[in-house]
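Protein chains in written order, with this note's numbering: chain A, 1 to 84; chain B, 101 to 184.
Because the hints were derived from the structure by calculation, they are not lab data.
Values in this document were obtained by computation on a predicted structure and should not be read as measured data.
Treat the hints with caution; some may be incorrect.
To be verified - To give a feel for the contact side, a few chain B residues facing chain A, derived at Cβ under 7 Å: (1) Ser127; (2) Asn130; (3) Glu135; (4) Thr146; (5) Leu172; (6) Met174.
To be verified - Derived lysine-lysine pairs resembling DSSO-like cross-links, with alpha carbons at most 30 Å apart: (7) A/Lys3 with B/Lys180; (8) B/Lys129 with A/Lys22; (9) B/Lys103 with A/Lys66; (10) B/Lys129 with B/Lys180; (11) A/Lys29 with B/Lys129; (12) B/Lys166 with A/Lys3; (13) B/Lys103 with A/Lys3; (14) A/Lys66 with A/Lys29; (15) A/Lys66 with B/Lys143; (16) B/Lys166 with A/Lys13; (17) B/Lys103 with B/Lys129; (18) B/Lys122 with A/Lys29.
For each residue, glycine too, the CB sits at the ideal point set by N, CA and C.
For reference, the chains in residue letters:
There are 2 protein chains.
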Amino acid sequence: MAKFQAEIDVMPKKEILDPQGKAVTGSMKNLGLAEIQNVRIGKHITLEIDADSAEAAHAKVDEACKNLLANLIMESYSFKLVQA
Amino acid sequence: MAKFQAEIDVMPKKEILDPQGKAVTGSMKNLGLAEIQNVRIGKHITLEIDADSAEAAHAKVDEACKNLLANLIMESYSFKLVQA
């Protein structure tokens, strides 16, 4: 049994409006950072997982993303695994 | 003037309780994913920035993180920049 660390990004899909990101893009102008455009805000999730192999850990993290962490209608996810 | 893309992670500091992550860790058990532990949830932010150099872009993104994107009392941030 090995311990793996997963770093997961869950982002709103490109074709979906991101009102939080839009608001932050607007605020950049007020902060004197008008060079910053197209802010999009999602979630960054870290977790630890015990598994026999990297493949098994990958499958478990994928299942967690699909069933709990991401709403696949509005969000897409990606992750990377490293052995701890 | 070049365009850069920044990928920013903003996470609750280690010494700070993360109630959202705690709740998700608990839910993993109910989903049959008890191997998953120590879930922590932060923000993943992508943005575009126009700058003369990678150094200038780095300084601007750092300023945006400090002044708007992260609450440095409770959160830490890291980012990477790629030329678009």
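Worksheet item: Among all the numbered hints in the text so far, which are the ones the structure does not match?
Response: 2, 5, 6, 8, 9, 10, 11, 12, 13, 14, 17 and 18
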